[in-house]
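**Q** Residue numbers (my numbering), protein chains in the order written: chain A, 1 to 367; chain B, 1 to 367.
Heads up, a few of these hints could be off.
As the list makes no split between identical chains, a pair holds if one copy fits it or if it spans any two.
[Unchecked claim] Here are the simulated lysine-lysine pairs, BS3-like style, with alpha carbons at most 27 Å apart:
1. Lys258 x Lys184
2. Lys29 x Lys184
3. Lys241 x Lys230
Everything labelled a hint here was simulated from the structure, so no lab data went into it.
2 protein chains.
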Amino acid sequence: MKPDFPSFSTRPTVRINLQTIRENYEALKKRVGTAKIGASVKADAYGLGSVPVGKALYGAGCRIFFVATAGEGKILRDGIGPNAAIYVLSGPAPRDKGVLLGAKLKPVINSMGQARFWASVAREVNEPPYTAIHIDTGMNRLGMTAAEVTELGRDKKLWQALNPDWVMSHLACAPDADHPMNKKQLTEFRKAAAQLPLTPLSLANTAGIYLGKPYHFQMVRPGIGLYGGKATTKPDEEVSKSAVSLLAPILQIRELKKGETVGYNATFIASEDMRIAIVGAGYADGVPVRASNRGTAILHDMEVPIVGRVSMDFTALDVSKARLSVEIGGVAVFRGDNLEHEAEQLGTLNYELLTRLGQRCRRDYGR
Amino acid sequence: MKPDFPSFSTRPTVRINLQTIRENYEALKKRVGTAKIGASVKADAYGLGSVPVGKALYGAGCRIFFVATAGEGKILRDGIGPNAAIYVLSGPAPRDKGVLLGAKLKPVINSMGQARFWASVAREVNEPPYTAIHIDTGMNRLGMTAAEVTELGRDKKLWQALNPDWVMSHLACAPDADHPMNKKQLTEFRKAAAQLPLTPLSLANTAGIYLGKPYHFQMVRPGIGLYGGKATTKPDEEVSKSAVSLLAPILQIRELKKGETVGYNATFIASEDMRIAIVGAGYADGVPVRASNRGTAILHDMEVPIVGRVSMDFTALDVSKARLSVEIGGVAVFRGDNLEHEAEQLGTLNYELLTRLGQRCRRDYGR
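Looking at chain A on its own, in the form it has when it is part of the complex (with noise of 0.2 Å):
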């Protein structure tokens, strides 16, 4: 006997351009010129994969990558082998000091703690690894306060064991080109490199760049650009295109009569008789709670509003008028050139939808 629906398999797809990544790279590495790219493959870079998106890179010709973790930068260092620099930003922690050591990773230094720490480690070993200082200029997170640059650039011996090769900050407000926050870390960056030692400097991340060419220095650290999510609402922006999509399957197509109701809670009830498609994708797989009569899926190029509350594993759609075509087996998309638009929908950040895309989820990245 025949199946009643085609060959697909119940498990949600993550695909990812590999190809797009690279593009994104060139686009951008072409807009900084002369600066060079250190790439953000942080939290596996940023839900795709932190080796074979950094094993892309690579192949572009990326030779820079930051990590937050030691454990991050291991696993990196163990995919892309030994000729690129791997930055820890989270910076050296006594536990993780055999990890940095033994994979050649260069700690962030965000603190004269860190950075006494170091040094002491620094001196016991032979060819120490080379690291980065990093200055807080307003964004109050990770970062030395201006007293503690004052204190680093008076103190040669330390900065000697530290043998940092870049000095960087981080900005809090890019994506605005036009609030005070990025002239003022500009202002203050210069101010605290004055203090050190000639040394690279480094300050943009993908908003960052487009500031514009005061913004960008000696290297630029862009993550979300390189994997097509947008950082800003400028229109020129659109260089970098959508890398990534989640596919979930649709297992089943229910009739419902006006009046039923749907999923957890019974929190979708139907105004008039309608058609619904459960798609194998839940908030455990990427598709928020918070979507949960609120957002959208693709389907054959349709925007379907999600009904009822999205559950752990599946997720109902209202297919009353998506195309006759729509059966199982079928296709929805979440992600993909739609982010931004999900992002808004949601109240949370397209970094976000991209972070937490699930773990069960098949990774293809296709060609």
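Following the hints, put chain B in place on chain A, whose structure we already have.
**A** Here is chain B on its own, set in the frame of chain A:
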């Protein structure tokens, strides 16, 4: 030179107490008497790790497990061995056939389409696995319609080919004991089952267990209750103890002057001089962006507010009123006994807060 801080890693940790999960299993077992317990370990056991959790439950005597996809079933099978039944809730699909048969997984049959497909598979192989029949009784998610149940009841050959060992349905509104849907679904379920050959029945999830004996039938299928999340607001649900917490190390402490801002987009402005701690966990680890300026963490048994926007890898906490001993390497706790409180603060579900715990976190299974 001595470090300024004690031994710690910058990596966040998810701490899972397997002994507590076993105790929750025992407590639920006691409550349901002779009914069996089928453990819901889908979505990687709600983010806690399906293999360690599955092994712990197996050790406590559990021999029935539910997962969402064939891939999840295979991972669990490899982890817990051949002597347990593993059901795949999303049902059989053509591309999952090999995995289902290879790992001896029992597909849950949600529609006549799935029934006919699986019967055709079962007729081709020796000793095909048993199945479970899933009936939709008003949730309008997966499951056979009333008309399909009638059709199946009349098709003896199809029934024999499927060889079901359970007939199940799923409750939509069980957390609200007074919701009319509960009794309606119970009635529909009995009516449907009466049309099928005599088979053991199962209806209740964790919340359904607390609806009382008539909902237990021959098997209950708890998930959240095993992991210590609350499914209802009933006081007798206190038998279930919290089994999971997210621990984030303090990476840096900053003194802020009145008027300074914190984090991206400068969404928090200090109304007076204050002290913040930057901890090493962000939305990639499971602290939602929605917790920005809204959520809390626990520090030395004290609830402290999240300030500014949660970043991908870091979160800022207002520790102005925390004990003087707050220092680098100290630990901020998310989830834990605070799970339901956090879910309420953030307008989401305790379930979602568990399933989105990040893969980057170390999993610490303790004793």
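**Q** Does each hint fit the structure? Answer for all of them.
**A** Here is how each hint holds up against the structure:
| no. | hint | verdict |
| --- | --- | --- |
| 1 | Lys258 x Lys184 | between (58 Å within a copy, 17 Å between copies) |
| 2 | Lys29 x Lys184 | within (26 Å within a copy, 62 Å between copies) |
| 3 | Lys241 x Lys230 | within (9 Å within a copy, 42 Å between copies) |
Hint check: no violations occur; every hint is consistent with the structure.
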